[in-house]
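> Taking the hints into account, I'd like the entire structure generated from these sequences.
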Amino acid sequence: MTRMSMVQRGVRAGATQEREVAVGVRGWLRRRRAVRVTLSVAALLLLASFPLSYWSLRLEAPQYPGGLPFTMHVTRLGGNVQEIDELNHYIGMKKLEDVATLERRLWPAGLVAVALLALVPAVVDGRWTWIFALGPLLYPVGFVVDLYWRLYTTGHSLDPHAALSSSVHAFTPRLLGSGMIAQFRTEAAFGPGYYFALVAAALVAVAFWLDSRSFARGRRA
Amino acid sequence: MAVTRRELIKSAAVGGGGLVVGGVIGKTVLGGGGAAGPAAQPTATGLPQDALAIAKQRNLNPGDIVAALKTYTPSGKLDTHYLFASGGHSGQVWVYGIPSMRILKVIPVFSHSSYQGWGYSDESLEILKRGQVNGKLTTWGDTHHPALSETKGDYDGQFLFINDKAGGRIAVIDLRDFMTKQIVKNPLIIDDHGGTFVTPNTEYVIESCQYSTPLGWSYAPLDEYKDKYRGAVTFWKFDRQKGRIDPAQSWSMELPPYFQDLADSGKLASDGWAFINSFNTEMATGGDAEGKPPMEVGASQRDMDYLHVINWKKAEQVVSEGMVDTVNGMRLIRMDMAVKHGLLYLIPEPKSPHGVDVAPKGDYIVVSGKLDPHVTVYSFKKIQDAIAKGSFDQDSYGLPIIRFDDAMEAQVQLGLGPLHTQFDNQGFGYTSLFLESAVARWSLGAPYRQDGWKLAGKVPIQYNVGHVAAVCGDTVNPLGAYLVSLNKWSLDRFAPTGPHHTVNLQLVDISRPEGMQVLYDVPTPDGEPHYAQIIPADRVKPVLVYPEVGWSAVTWSKDPNATAKGKERVVRNGSKVEVFMTAVRSHYTPDVVSVRQGDTVVWHITNIETARNASHGFALPGYNLGVVTDPGQTLTVTFQADTAGTYPFYCTEFCSALHLEMMGYFLVQA
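Protein chains in written order, with my numbering: chain R, 1 to 221; chain B, 222 to 891.
Possibly wrong hints are sitting among the right ones.
[As the list claims (entries may be wrong)] No more than 30 Å apart at the CA atoms, straight line, and that leaves these computed lysine-lysine pairs for DSS-like:
#1 B:K350 / B:K449
#2 R:K95 / B:K350
#3 R:K95 / B:K786
#4 B:K449 / R:K94
It should be emphasised that the hints constitute simulated quantities derived from the structure, not laboratory data.
Spelled out as C-alpha cells, the structure:
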C-alpha cells in the first residue's frame, strides 16, 4: 500500500467512520511523512534556540575598545550587563534585569509550549489541528512586538531625577541596525535563536501547505 | 613602490644618510609597513619626502633615524618587554616598557605613595609595619636589586623581590597585580646590599649585609670591631604557593666583617652555591676626624678582597640538623660551624669589587674589581677541584682561602672601572665601565665561543654607568637584543630642571654582532635605579580587574569586610563605628557618615566596579587619609575621629563625567 493511498484511506476513514480522530501513533501515521518531518524539525529548532541569543545590542564608544556587548537569551541576559547598567544609571534607565520580568519569567515554559504546539498537527489528525500551529507561526512576531514595546516603555520611563536627565531625553533604542544613544553608537541585531524561531515558523507554514495539498488531492480522489 | 624606494635611497644618500638608513626605511616603512591604519598609509611619493624633511628640520642624523625606527612604538601598540628597575632612595620599583622606554608604573614598596594610597590603608600600613626596627616605623627605603622569580633558572614572571639597602629589608611584589605583598626585616643586620638574588627555582631569596655591625642590632664599640662586628647572609625561604617569604623556615650564615657586597646565586653547573663579594677585608672603621685614614682609603689598602663561596645546599642540611645558634629569632650558622662542614670558602679577588655575576651555564663566575681594569673570571670546576684537593690558606677567622691561581680561569682587560656584567645569547658578556662611561662587550671562552676571553667592542654611554641589564641577562637563557645602561649622571642629556639632576636610563641595541648602538635616553624623575631586569612581556600575566568584587589584594581572596551593593551600612558598637561602603561611578553609599568626637572609625571601602580602569579614590582631608581602590577591591582605613568638624570626602580619581559629584560628608559631632 502506498503512502498516498494510506492518507487517502485515512481521509476517507475520517469521513466515513463518524469523524473518528486519530491521535498519537495512528495520527502520526496518517499524515504525510514530509509533514511530520517538517513539523518535527520546526519543534526541534525551537527547542534548540533555548541557549542561543535572540537579540543583541552592541554599544560603542572610544573608551570601550571592542564595544559593550549585550545579548538576550531565553533564560538569561548576556554580555557586559553590569557596565551597561552602570552607564544607564546616569540617564535613569531601569536595570536590564528589571525590564520585562513577566515575559522573561514565562519565556522558558512558553517556548516549550510553542514547540509542543508545533507538533500537534503532526500527532493529531484532522485539518482543524492546524489552529495550534498558529503558536509557532506567531511566536517570532510576538517576540518582536514585545521587544519593541519594552524598548519603547523602558526608554520612555527614565528617572527624571537622574544625573543626565536634562541631556538625555526619552527615546526608543533601535530594534535593528545602527542608532545613537548619547555618545554611544548602537548596533542591534537578531541573534541565532531568533533566526531558529523564524525558520521554525516558516517550516510550520510549509508543513501546512504540504498538508493542504494532501487534503485537496484527497477530496479530488 | 620600487621607484619610491630607489628615490628614497638616493635622497638619503644625498642627505648623508647612506645605504644603511635608506635600506632600513625602505624595508620597514615602505616595504613592510602594511600594518599601519589608513591614516598612516604612506602615499607613493609623500612619505619619503616628508620623512626626510622632518629629519632635516629636527636635525636628525641617519643613526637617529635608525634608533627612531627601532624604538618608536605607535600609539596603541604595546611594548614587547618589561624593565623592572629599582628606584634607589625613592624606595619604590619602576616599570618601563621596552623598546619605547615609556614609564608604565611605579610600584610603591618601602615609601608612601599618596597616588596609590600606599601607607594609608590598614592593609599597606600592616605590611610597612613588618619592616620596623626596634618599633620605629620606617617610611622610606633604598631599593637596589630587583629579582624576578625563577623556575629552572629562567624568569617565570610571577613575583618580583626587591631589597632595601637602608633598612635591611626584603619586599615581595606579586606580579598578578603589581602590588607589594610582604616586607620582611632582617633580624641580624641593619642594612643590606647583596640582595635580592634568587636560587634557580626561587627556593631562597638571598640577602647579604653591607656594613658590618654586631649581629642582632646590638651595640659594641668600634675598637671591638674584629671580635664583635660581623657580616651575614640570609637565605629567606620563599613559599611560592602562599606567595610569601617564610621567616620561620629561613636561616643565615655568619660572615667576617668584610663589608659584603653584591651576590649572585649559582645555576646549572653551580646550582646549590652562592657567591658574595666583599670590599673591606682591611676591616677599616674610619675615624678621619681623629687623624685615621677615612673609610674610602682605609678600605682600599690591600690589593685583594675576598669572594665568598657558599655551599647553601649543604648549609641547608646543617640547619636542618640544628647546628645553629638563634639570634633575634633567626637561625644562624656560626663561622666555625661553616668551616667545619665546608660551607664557606674565600677566594682573593681584585680589590674593591662591585659585581659578581654567574655565566648562563653556571660554569664561570665573573668579578669586576672597580679599581682594576679587568674582569676576573673564576671557573666553578677549578673551585671545586681546589676544594677537593683541600690545600688552603687561612684568614684571621680561620676561613679557608682558595688560592687565586687555583680558581682563576681568565682575566679580560676591558677598561676603567668595570662594575657589573650581563650576558646575551651569542656568548658575549657586557660589563659596565663606570670610569670610562662605556659598556664593554667581550667574548666568553669555551663552551660559549672559540674566540674567548677577548674584548669585542665598546659603546660610550652618558654618563657614569652603574649596572647594566640585558633581556634575561642573568638567567640560564639570556635573550640578547636589548641592554639598558643605568647611568648615574645625566648632565646635559635632558632639558635642565634646576640643580638636582635625574639619572639617565639608556636603551642600547646589542642585537648586531658588529656593534652596539645607544637608541634612547629616559629620565627617572623620582628615583635612582641601581639594578634592573628585563623580561619578555608575554611572561607576565597581570589581572586587569580583581577576580571578584570584594577582593582583598593582600590575601588574594574575598575580603571578609566586602560590601555588596544594597548591603551598605554603618554599625555602631560602643565608641567603635564601622562603615561598610561601596564606591561605583559616581557615588559612595553611604555618602553621609556621622560620628561623635572620640569614636574609632573603621571604614571598609569596596569598589564594586567590574570595568577595567574604573578605580576610585577615597580622600578624607583633615584626617590625612587618601586611599585608592581598584575595580573589585576592598580595603579598610581605621582612625580616631579626634577632631570635631565637617569633612567632605571625595574621589581622587577622575572616574567619570560626574567625578566631582562623587563625594560625601563625614560629620564629627563634638
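> Determine for every hint whether it applies to the structure shown.
Hints, one by one, checked against the model:
The straight-line distance between the Cα atoms of B:K350 and B:K449 is roughly 29 Å, inside the 30 Å bound, and the hint therefore holds. At roughly 44 Å between alpha-carbon atoms, R:K95 and B:K350 are farther apart than 30 Å, so this suggested pair is violated. Pair hint R:K95 plus B:K786 holds up; C-alpha atoms about 13 Å apart against a cutoff of 30 Å. This hinted pair does not check out: B:K449 and R:K94 have alpha carbons roughly 75 Å apart, beyond 30 Å.
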